[in-house]
Amino acid sequence: MLSQLWILLLCLALIICCSVLLLVAHRQRRRRQVEQRLQRSVQRVIRARLVDHGKAMWRRTTRRRETLAELGLILRRLGMASNREQWLFLLRLGLVWLLAVVATLALVMMQAMTVQQQTALLLICLVGVPYMMLVWLRQRVKARMRQISEEMLLVLQMIRILWDVGISLESMLRVMTRELKELAPEVCRELQIILVKIDTGKTRDEAISDVFWLIDAEGFQDFLMLLAQVSETGGSMSQHLQDLYELLIDRRRTDLQENVSRLSGRMSAVMMMCLMPVLLIVLAGPGFMALVKALGKMGH
1 MLSQLWILLL CLALIICCSV LLLVAHRQRR RRQVEQRLQR SVQRVIRARL VDHGKAMWRR
61 TTRRRETLAE LGLILRRLGM ASNREQWLFL LRLGLVWLLA VVATLALVMM QAMTVQQQTA
121 LLLICLVGVP YMMLVWLRQR VKARMRQISE EMLLVLQMIR ILWDVGISLE SMLRVMTREL
181 KELAPEVCRE LQIILVKIDT GKTRDEAISD VFWLIDAEGF QDFLMLLAQV SETGGSMSQH
241 LQDLYELLID RRRTDLQENV SRLSGRMSAV MMMCLMPVLL IVLAGPGFMA LVKALGKMGH
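Start counting the sequence shown at 1; every next residue gets the next number (the UniProt record's numbering).
Mixed in with the good hints there might be a few duds.
What the hints assert, rightly or not - Across the chosen pairs, the derived CB separations fall in these ranges:
hint, residue 1, residue 2, range
1, M132, R178, 32 to 40 Å
2, N259, R84, 36 to 44 Å
3, E179, L122, 51 to 59 Å
4, R178, L122, 45 to 53 Å
5, G72, G166, 38 to 46 Å
6, I249, R174, 24 to 32 Å
7, S268, R138, 30 to 38 Å
8, E232, S268, 46 to 54 Å
9, L90, R178, 26 to 34 Å
10, I74, L126, 16 to 24 Å
11, Q257, A120, 46 to 54 Å
Rather than coming from a laboratory, the hints here were simulated on the basis of the structure.
Here a beta-carbon is modelled for each residue, glycine too, at the ideal position from N, C-alpha and C.
Use the sequences and the hints to build the structure in full.
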């Protein structure tokens, strides 16, 4: 009887030990599952942060490339075709920016300023000066396009005279760049670039196309298109040059009329703003004074 009781107690102890072991194993398994889930979530967060950081770096790199491409396009549209000219111009701009930074640092050290004022001034110098340089370059490009448009009337007349003489296209362009260097310098510079490209082995169409997509001055693209057409198909160009000349004259006349109309409208608005008070005082003043006197007499 006693032995059966000990066996029963031993079985109960074994059952309790197995239950405890199963409970501990279940808790460890749950802990490992929780740790694995946390590790996966942390890995997902880290992976997402790395992806976002990579995307941000790619966007910054793309923006830098776009800015550099835009800067190269601006320098080319300013007439700087060779890398040497572009690098020398950028070196001068960099020296100007460096002098501005040095002057700002000297001002910050000499003047009594707070940390916020010093930081703002340095940020303006580091970021604002390059931005203003970029704006200035864009304004120079617009001014050069306007100058090329103004030079096209003289260039078309000269081209027509040379074409009637009967010389070839390259000879005509060389005479143009030599004889009109003082009267039409910007157009001659672009024509010289076309000649250099032709001399280096490019075809006429390729050389003209390279300049065509860069210079969007009024009349210049039409002139290059006409040159490419004549170079490809041949034929006479005098009548087409005359038509283009008359078209540019009509455009200039229309633009001048629009500017005159706009200026007259502004002058009319200014005159109304300045003269209307004077007219009211001169014309309505006596009547207003008479009305005041009449009301005064009625009061008495």
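We went through each hint and held it up to the structure:
Between M132 and R178 the beta carbons are some 38 Å apart, a value that agrees with the proposed interval 32 to 40 Å. For N259 and R84, the Cβ-Cβ distance of about 40 Å falls inside the hinted range of 36 to 44 Å, so the restraint holds. At about 52 Å, the CB distance of E179 to L122 agrees with the hint of 51 to 59 Å. R178 and L122 have their C-beta atoms about 51 Å apart, which keeps the hinted 45 to 53 Å range intact.
Between G72 and G166 the beta carbons are some 40 Å apart, a value that agrees with the proposed interval 38 to 46 Å. Taking the beta carbon of each, I249 and R174 are about 27 Å apart, inside 24 to 32 Å as hinted. Under the hint 30 to 38 Å, the C-beta atoms of S268 and R138, about 33 Å apart, fit the expected range. Range check, E232 to S268: about 52 Å between beta-carbon atoms, so the 46 to 54 Å window is met.
Here the CB-CB span from L90 to R178 is close to 30 Å, well matched to the stated 26 to 34 Å. Checking the proposed 16 to 24 Å range against I74 and L126 shows it holds: the Cβ atoms sit about 21 Å from each other. Taken as a hint, the range 46 to 54 Å holds for the pair Q257 and A120, whose Cβ atoms sit roughly 48 Å apart.
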